[in-house]
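Asker: Sequence:
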Amino acid sequence: MESGTIPAETIPGALDLGATLESGQSYFWNRADGRMYDGEDSRGESPWYWTVHRDEVIRVRQSGGGVEWESTTDAEPALRDLLGLEDDLDAIIEATPSDELIDAAYESYRGLRIVRDPFFPCLISFICSAQMRVARIFAMQTALREAYGEAIETDGETYHAFPTPAQLAAASEADLRELKLGYRAPYVQRTAEMVADGEADPADAEGLPYEEARKYLTQFVGVGEKVADCVLLFSLGYLEAVPLDTWIRSTIEEHFPECDRGSYAETSRAIRERLGGQYAGYSQTYLFHYLRNGGGD
DNA sequence: ATCCAGGATGTAT
DNA sequence: ATACATCATGGA
Numbered sequence: 001m002e003s004g005t006i007p008a009e010t011i012p013g014a015l016d017l018g019a020t021l022e023s024g025q026s027y028f029w030n031r032a033d034g035r036m037y038d039g040e041d042s043r044g045e046s047p048w049y050w051t052v053h054r055d056e057v058i059r060v061r062q063s064g065g066g067v068e069w070e071s072t073t074d075a076e077p078a079l080r081d082l083l084g085l086e087d088d089l090d091a092i093i094e095a096t097p098s099d100e101l102i103d104a105a106y107e108s109y110r111g112l113r114i115v116r117d118p119f120f121p122c123l124i125s126f127i128c129s130a131q132m133r134v135a136r137i138f139a140m141q142t143a144l145r146e147a148y149g150e151a152i153e154t155d156g157e158t159y160h161a162f163p164t165p166a167q168l169a170a171a172s173e174a175d176l177r178e179l180k181l182g183y184r185a186p187y188v189q190r191t192a193e194m195v196a197d198g199e200a201d202p203a204d205a206e207g208l209p210y211e212e213a214r215k216y217l218t219q220f221v222g223v224g225e226k227v228a229d230c231v232l233l234f235s236l237g238y239l240e241a242v243p244l245d246t247w248i249r250s251t252i253e254e255h256f257p258e259c260d261r262g263s264y265a266e267t268s269r270a271i272r273e274r275l276g277g278q279y280a281g282y283s284q285t286y287l288f289h290y291l292r293n294g295g296g297d
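Reading the first sequence from the start, the letters are residues 1 to 297 in the numbering used here.
I should point out that these hints are in silico values taken from the structure, not numbers from a laboratory. Wrong hints could be hidden among the right ones.
[Stated by the list, open to error] What follows is a set of in silico ranges between Cβ atoms, one per label pair, in the way DEER data are often shown: (1) D260 x T158: 41 to 51 Å; (2) D90 x S172: 42 to 52 Å; (3) S98 x M1: 38 to 48 Å; (4) A166 x S98: 17 to 27 Å; (5) Q278 x D175: 35 to 45 Å; (6) M132 x E107: 27 to 37 Å; (7) G4 x D88: 19 to 29 Å; (8) E45 x D81: 19 to 29 Å; (9) P12 x M132: 46 to 56 Å; (10) E206 x R133: 24 to 34 Å; (11) R80 x D201: 35 to 45 Å; (12) A166 x E254: 17 to 27 Å; (13) A139 x G4: 25 to 35 Å.
For glycine and all other residues, C-beta sits at the position ideal for the given N, C-alpha and C.
Whole structure, please, built from the sequences with the hints as guidance.
Answerer: This is the structure in structure tokens:
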């Protein structure tokens, strides 16, 4: 077992691991204590989070402005990518147009970073996200891991990796409905099959211009424009992607009504420009987290 | 009970 | 292209 710390001085800008991992952008990490995020509890011990990445358990927790980690091999390079630690947060905020609401969101949760989750878990989790609350999306991913993912023993504890495309493709729709996925069950099964069979490959999307990449991802079953934007933003590094979910739509209606252009594509372009263009997804994610926790009321 | 949650799909217009 | 009903589940 190796361990180490990624010091704050090597991270451009602040880091808030709790906000990053429990803001509803990632379902790839799990709190070891099983509790849910409470934006208030900055007191006491920082909670540990774990995931299974490339067949290895990685555990992390906040340490000052940095990250303390444990794994079987050096996890720092992977964590720098997965947790968005290379993003120059100060520069991103500096490049964002000033606005009362946006500024309040950035100030409230400074240190929240956009994750780069592995593609397949991210894709499946956001297919599951349709008409679901954050807590239940986490529950669905846990159910999928424990039912179909490889079990890994580390330090006398059992961790389950997220299932591979082939493992999920082998499940039946009925199996997945038993895990309470509801009408998303066939979407998950068919998309897992598409990925397992190589019908569509995320590697083909990665080089594409943003809107073409979004179009590419909608070929997966259960993936519309909104879910595609989530995958582009939270997995593939398209920081300009602005997922138009119910929260941001109501914000557009109340706060940026001139950006409502009717269609998803046109409204997306308008709000993307209003939020600063290339890093618009950062603002969207801060706003989502801020509003969902009662900010702006 | 009714409404809603990080929406997508199939069908009719 | 856009409008609408339908799709499960659980918490408020």
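Asker: Which of the numbered hints above does this structure break?
Answerer: 4, 9, 11, 12
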